[in-house]
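S.K.: Read off the chains here:
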Amino acid sequence: MRNPASDSERSGAMTIASKSTWADRINGFARKVPTWPLYILYLLPVPWLLYLAQTGGLGREPIKALEHELGEIALQLLIFGLCITPLRRYLGINLLKFRRMFGLLAFIYVTLHLLVWLVLDVGILSQIWADILKRPYITIGMVAFVLLLPLAVTSNTWSVRKLGPAWRTLHKLAYVAAILGAVHYIMLTKVWAIEPLAYLAVILGLLALRVPKRRQKRVA
Amino acid sequence: MAYRWTNTLTRKDATPEALFLNRRQLMAGAAAGVALAGTGARAEEVLEPNSWEDITEYNNFYEFGTGKSDPATYASALTTEPWSVTIDGLVDRPGEYDFEDIMAEMTVEERIYRFRCVEAWSMVIPWNGFELADLLGMAGVQEQAKYVRFETLYRPEEMRGQSSRFIDWPYVEGLRLDEALHPLTIMATGIYGRTIPNQNGAPIRLVVPWKYGFKSIKSIVKITLTDEQPINTWQALQANEYGFYANVNPEVDHPRWSQATERQIGGGLFSKRIPTLKFNGYEEEVASLYEGMDLTRFY
Numbered sequence: 000m001r002n003p004a005s006d007s008e009r010s011g012a013m014t015i016a017s018k019s020t021w022a023d024r025i026n027g028f029a030r031k032v033p034t035w036p037l038y039i040l041y042l043l044p045v046p047w048l049l050y051l052a053q054t055g056g057l058g059r060e061p062i063k064a065l066e067h068e069l070g071e072i073a074l075q076l077l078i079f080g081l082c083i084t085p086l087r088r089y090l091g092i093n094l095l096k097f098r099r100m101f102g103l104l105a106f107i108y109v110t111l112h113l114l115v116w117l118v119l120d121v122g123i124l125s126q127i128w129a130d131i132l133k134r135p136y137i138t139i140g141m142v143a144f145v146l147l148l149p150l151a152v153t154s155n156t157w158s159v160r161k162l163g164p165a166w167r168t169l170h171k172l173a174y175v176a177a178i179l180g181a182v183h184y185i186m187l188t189k190v191w192a193i194e195p196l197a198y199l200a201v202i203l204g205l206l207a208l209r210v211p212k213r214r215q216k217r218v219a
Numbered sequence: 000m001a002y003r004w005t006n007t008l009t010r011k012d013a014t015p016e017a018l019f020l021n022r023r024q025l026m027a028g029a030a031a032g033v034a035l036a037g038t039g040a041r042a043e044e045v046l047e048p049n050s051w052e053d054i055t056e057y058n059n060f061y062e063f064g065t066g067k068s069d070p071a072t073y074a075s076a077l078t079t080e081p082w083s084v085t086i087d088g089l090v091d092r093p094g095e096y097d098f099e100d101i102m103a104e105m106t107v108e109e110r111i112y113r114f115r116c117v118e119a120w121s122m123v124i125p126w127n128g129f130e131l132a133d134l135l136g137m138a139g140v141q142e143q144a145k146y147v148r149f150e151t152l153y154r155p156e157e158m159r160g161q162s163s164r165f166i167d168w169p170y171v172e173g174l175r176l177d178e179a180l181h182p183l184t185i186m187a188t189g190i191y192g193r194t195i196p197n198q199n200g201a202p203i204r205l206v207v208p209w210k211y212g213f214k215s216i217k218s219i220v221k222i223t224l225t226d227e228q229p230i231n232t233w234q235a236l237q238a239n240e241y242g243f244y245a246n247v248n249p250e251v252d253h254p255r256w257s258q259a260t261e262r263q264i265g266g267g268l269f270s271k272r273i274p275t276l277k278f279n280g281y282e283e284e285v286a287s288l289y290e291g292m293d294l295t296r297f298y
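One line per chain: the protein sequences are G and B, in this order.
For the first sequence, position 189 (counting from the first letter as 1) is numbered 188 according to numbering that gives the first Met the number 0, and the numbering increases by one without interruption.
For the second sequence, position 100 (counting from the first letter as 1) is numbered 99 according to numbering that gives the first Met the number 0, and the numbering increases by one without interruption.
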């Protein structure tokens, strides 16, 4: 007769063992990969999108298309940044060295998204100002951008050292910015669409993954 | 019908198709050739109809998906033959009117109209069609009729967007009877002299040029004369954003964006917004329909 208890223990141990080697392999690879080529790689969509916009690849109205593409990439990058902590906590995968890169790239894409809106899309100063004040989805988008500003400014190693524990608190603004970004996306569609709702769900899910651990700590 | 509307835009305003085909090579020459006849309401501006590609590849037709290129991609699944339009309600001769029989009775003419979407983009489109008043005349409008209600085909097996439950299909639109009988109001069956493509509302659609595009309901299968104001689809979805009237009006903003300006499709990455005209430039023709009405309330 098999002993069910020892059986499950053994399989449990095996899962942990296989998981750790799998995670170790990723961690080992991540240690070897430098970040600077990834910056270049992840900025390549910018010239590519501009090329498509100019040659009809983004459809008959390239301005809105470009604006939306840039905004969506920014949201994805914010989500990648939010994945780092849960990946480490639950799967033992350490991609911490890429978090700054994802954050900065997200900021770059949000800035480009904003610039396209300011210069190519609206282009009329009085209307820009009225839109920011009067249109809730634009107000929310602007707030998200403003929240990301201090994060981009303090993303350097010097600021991390200088600010100490305050740096961690400050950079929790990324959570708020990501939620606002997804809400901004949801609000601009005319009917409930799956994609923007999915972004918000993923962001809220990733934030929820951070909650239980903290509660456990408090209990302990 | 008191008078027939005569177009201020002429065939000369439409860029000949050959020019479109060679547009890139002929840019300079074409500009000179086309820039002759613009007599639109924007005094200094030359009104040039959009290209066939602009008109047929950038569409809102949620029956085929919410993306702008979805209709062009998926509308080929729609069969438009045979087609009939049921005309019922307060009419003398209710019934199912065969599309061919309707066309045999109607005189098709060209109407070059501005087309302004509620999303603040616009085009100029050379429609082919006939006045709605003539079609309603076929069925005989009764005296008690005050409104016209239109319905789009519901056929989810051919219209993939209709599987989405965010909209209560079929799509419904409505007009006041005087709007419906106005000579500017047409049923379009063609564009640029060709049969209207599926993504533009084949085989028969409404065009009301002084109203936002969503009023110009596509692929119509039913027209009902009624004494009750119909609830159109967008009004049912978001009554504070989309009303029954939906007249183009730069002074009344959509709650989420300004309607003061619009972007003409086809200008590329560096096209500038242009001011939106009241009643989309047809103020002279239609403003009297709304005399004494508060247009900020009846948006």
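Treat the hints with caution; some may be incorrect.
[Said to hold, decoys possible] The list that follows gives simulated cross-link-like pairs (lysine-lysine, PhoX-like), each with its CA atoms no further than 25 Å apart:
1. G:K63 to G:K161
2. G:K189 to B:K277
3. G:K189 to B:K145
4. B:K67 to G:K63
5. G:K31 to G:K133
6. B:K271 to G:K189
7. G:K171 to G:K96
8. G:K189 to G:K96
9. G:K63 to B:K221
10. B:K67 to B:K145
11. G:K96 to G:K133
12. G:K133 to B:K221
13. B:K145 to G:K133
14. G:K161 to G:K171
15. G:K63 to G:K171
16. B:K145 to B:K271
I should point out that these hints are in silico values taken from the structure, not numbers from a laboratory.
No experiment lies behind these values; they were computed from the predicted model shown.
S.K.: Next, verify each hint and record whether it holds.
M.R.: Results for each hint:
no. : hint             : in the structure
1   : G:K63 to G:K161  : violated (41 Å)
2   : G:K189 to B:K277 : holds (23 Å)
3   : G:K189 to B:K145 : violated (30 Å)
4   : B:K67 to G:K63   : holds (11 Å)
5   : G:K31 to G:K133  : violated (49 Å)
6   : B:K271 to G:K189 : holds (24 Å)
7   : G:K171 to G:K96  : holds (17 Å)
8   : G:K189 to G:K96  : violated (39 Å)
9   : G:K63 to B:K221  : violated (35 Å)
10  : B:K67 to B:K145  : violated (34 Å)
11  : G:K96 to G:K133  : violated (40 Å)
12  : G:K133 to B:K221 : violated (40 Å)
13  : B:K145 to G:K133 : violated (37 Å)
14  : G:K161 to G:K171 : holds (17 Å)
15  : G:K63 to G:K171  : violated (30 Å)
16  : B:K145 to B:K271 : violated (41 Å)
The structure is inconsistent with the numbered hints 1, 3, 5, 8, 9, 10, 11, 12, 13, 15, 16, although it conforms to all the rest.
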